[in-house]
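For the protein sequence lines, the chains are X and L, in the order given.
Residue 53 in the working numbering is what sits at position 53 of the first sequence, and the numbering runs on without skipping anything.
Residue 270 in the working numbering is what sits at position 270 of the second sequence, and the numbering runs on without skipping anything.
Derived from the structure by calculation, the hints contain no laboratory data.
Not one of these hints is a red herring.
Mimicking BS3-like on lysine-lysine, the simulated pairs with C-alpha atoms at most 27 Å apart in a straight line are:
{"id": "1", "chain 1": "L", "residue 1": "Lys196", "chain 2": "X", "residue 2": "Lys12"}
{"id": "2", "chain 1": "L", "residue 1": "Lys113", "chain 2": "X", "residue 2": "Lys12"}
{"id": "3", "chain 1": "L", "residue 1": "Lys113", "chain 2": "L", "residue 2": "Lys196"}
{"id": "4", "chain 1": "L", "residue 1": "Lys116", "chain 2": "X", "residue 2": "Lys12"}
Please read these numbers as outputs of a predicted model, since none were measured by experiment.
What follows is the residue order along each chain.
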Amino acid sequence: MREESAIPIAFKGISLLSLAILLVPVFIVVLAGLNSGDYLTFPPEGLSLRWIQAFLTSPVFLSAYGVSFMIALVSTLISTVIGTMAAIYLTRSQSRTSSILRGFFMLPIVLPGVVLGLALYVFYVTTGIGLARTMPGLIIGHVIVTCPFVIATVTAALVGFDRSLEEAARSLGASPFTAFRLVTLKIIGPAISAGTIFAFIVSFGQFEVTLFLSTPNLQTLPIAMYVSMRYQFEPTAAAAGIFAIALVILSTVLTSRLVNLKRTFGG
Amino acid sequence: MAIAQTGTMTQTEKRKGSTAAFQDFRLWWLVIPAFLVFLVFFVIPTASLFGLAFNKSVAGVIALNSQITFDNFVRIFTRASYYESILRSIWISAIVGAACLFFGYPLAYVIAKTVKPSRATLLMILVLSSMQLDMVIRMYGLMVLLGDNGLINGFLLRVGAITTPLPLMYNVFGVIVGLVQITLPFMVLSLIGIIKAIHPSLEEAARSLGASRWHAFVTIVLPLSMPGILAGTLLVFALSISSYVVPALMGGWKVMVLPIHIYQQIAEVGRWQFGAAIAVVLFVTSIAAVAIYHQAAVRTSGGRT
Numbered sequence: 001m002r003e004e005s006a007i008p009i010a011f012k013g014i015s016l017l018s019l020a021i022l023l024v025p026v027f028i029v030v031l032a033g034l035n036s037g038d039y040l041t042f043p044p045e046g047l048s049l050r051w052i053q054a055f056l057t058s059p060v061f062l063s064a065y066g067v068s069f070m071i072a073l074v075s076t077l078i079s080t081v082i083g084t085m086a087a088i089y090l091t092r093s094q095s096r097t098s099s100i101l102r103g104f105f106m107l108p109i110v111l112p113g114v115v116l117g118l119a120l121y122v123f124y125v126t127t128g129i130g131l132a133r134t135m136p137g138l139i140i141g142h143v144i145v146t147c148p149f150v151i152a153t154v155t156a157a158l159v160g161f162d163r164s165l166e167e168a169a170r171s172l173g174a175s176p177f178t179a180f181r182l183v184t185l186k187i188i189g190p191a192i193s194a195g196t197i198f199a200f201i202v203s204f205g206q207f208e209v210t211l212f213l214s215t216p217n218l219q220t221l222p223i224a225m226y227v228s229m230r231y232q233f234e235p236t237a238a239a240a241g242i243f244a245i246a247l248v249i250l251s252t253v254l255t256s257r258l259v260n261l262k263r264t265f266g267g
Numbered sequence: 001m002a003i004a005q006t007g008t009m010t011q012t013e014k015r016k017g018s019t020a021a022f023q024d025f026r027l028w029w030l031v032i033p034a035f036l037v038f039l040v041f042f043v044i045p046t047a048s049l050f051g052l053a054f055n056k057s058v059a060g061v062i063a064l065n066s067q068i069t070f071d072n073f074v075r076i077f078t079r080a081s082y083y084e085s086i087l088r089s090i091w092i093s094a095i096v097g098a099a100c101l102f103f104g105y106p107l108a109y110v111i112a113k114t115v116k117p118s119r120a121t122l123l124m125i126l127v128l129s130s131m132q133l134d135m136v137i138r139m140y141g142l143m144v145l146l147g148d149n150g151l152i153n154g155f156l157l158r159v160g161a162i163t164t165p166l167p168l169m170y171n172v173f174g175v176i177v178g179l180v181q182i183t184l185p186f187m188v189l190s191l192i193g194i195i196k197a198i199h200p201s202l203e204e205a206a207r208s209l210g211a212s213r214w215h216a217f218v219t220i221v222l223p224l225s226m227p228g229i230l231a232g233t234l235l236v237f238a239l240s241i242s243s244y245v246v247p248a249l250m251g252g253w254k255v256m257v258l259p260i261h262i263y264q265q266i267a268e269v270g271r272w273q274f275g276a277a278i279a280v281v282l283f284v285t286s287i288a289a290v291a292i293y294h295q296a297a298v299r300t301s302g303g304r305t
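Given only the sequences and the hints, what does the whole structure look like? Please build it.
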């Protein structure tokens with residue numbers, strides 16, 4: 001308590017403003033989606049579920065939600081597996097190549113999403129490998145964007161990991177793989193699940209890379225919302241947003257549960 | 001504990017050294033899948049896109065050929081509409097970086113210094129969950145708030161404070177607000193760890209030597225958090241300059257920045273080579289700005305960062 005009161009009052013004030021910047025737009029989306037009028041105005045007209053109903057009966061938004069979910073699921077699965085494998089190599093190998101590779105794997109974060117999406121689209125079209133305007137083509141784009149997040153989170157956990165624990169298991173007779181599975185994987189497990197959920201959310205909300213790769217019949221939720229906001233701006237998009245918000249809250253709760261459970265079991 | 005460790009030091013060290021070398025050799029296959037995916041779907045496409053930028057621009061044609069020309073780049077740097085966009089992209093991102101530092105540092109400080117674990121966790125969750133929501137959804141909220149008949153203008157008109165709606169959106173201001181909303185969490189997250197790592201006793205020592213709270217903060221805490229400030233600002237700058245969706249929605253296609261030009265050239269005009277050239281300029285600008293800023297920051301902080 002003593003330290004908390006040591007926080008300058010100006011900082012507390014600005015912090016409240018910052019939290020408002022972060023959260024007010026989200027709050028407004030929820031209000032707009034539950035609003036009874038055609039547009040959220042001041043003062044609000046009243047609550048209704050008509051836009052939620054519009055979302056649940058909209059073929060465009062529902063299928064976009066499904067497409068987003070599917071792409072996020074598959075690309076997360078792929079990047080978790082290959083990203084975790086790569087992270088293990090990166091932290092275990094002392095060679096110069098591994099430090100170069102570590103930087104290499106972070107490059108997609110630096111490269112603007114529009115540039116990456118455009119590059120992939122040009123690549124798909126010019127090589128004619130049949131990935132242009134397809135689900136696998138989109139998934140590959142999302143793997144490239146989500147993989148750095150998995151690699152970064154798992155690497156961070158492995159760097160702080162005490163190798164002597166694994167050595168202890170080895171000296172007690174465990175095979176390298178058993179030691180890894182029973183000791184290392186248990187300890188870095190929470191980091192892997194955090195990386196997984198992070199990747200899922202990055203993929204679910206991905207807009208810029210998807211921009212060039214999606215087509216009208218293969219729209220993700222962000223693209224469908226963007227199109228709706230560009231041409232008609234109706235609250236169905238906000239209702240779709242509410243369902244996306246629900247998914248994020250669910251995954252946040254899930255992560256904290258998962259990590260806490262693991263901790264309880266571990267400690 | 002310490003004695004036991006020194007006792008076995010040489011043996012463990014020896015074994016560690018040999019297993020490390022051994023595992024190096026055996027573990028390389030772990031990195032192969034990720035490496036191949038990145039090579040085929042990241043390095044090759046990006047390299048060919050950059051190659052395409054040096055081909056003659058022909059509407060509707062994408063094929064890469066070996067005839068190198070700098071026409072696309074000459075066009076970008078001689079036409080005011082393009083080089084002005086480069087400058088606009090840079091200064092908008094710089095303002096966003098500064099604004100995020102202004103709003104983000106205090107929040108990161110509060111989170112880092114909050115003692116009660118549940119309260120600190122709650123604040124963290126608020127920051128994280130706002131970041132996890134996709135950008136288009138958050139822009140929807142901002143558009144409802146800032147539009148001509150949005151909540152803010154609606155309120156002000158009703159109260160009688162204004163007679164015509166304030167232009168809060170579809171201009172540079174709207175773009176900056178949108179970008180700050182998107183990038184603020186990245187700033188906060190870059191700073192929390194750094195501020196937490198500054199030992200409170202350093203500040204207390206300064207206080208006990210007679211420094212005011214503010215003086216202790218400016219001379220001790222602020223310089224020690226420079227690495228986080230640097231990392232956060234760079235991240236925010238890079239994210240801002242490469243954003244398409246925020247300028248598109250909040251600027252209403254009136255605020256021309258580089259990502260908007262890229263999309264227009266390709267989706268509307270079909271000039272792939274020219275679009276690719278703008279993409280190269282965007283990438284180089286972003287990298288160059290980051291490098292210059294980094295150099296300047298290293299110099300001013302005496303090479304400590």
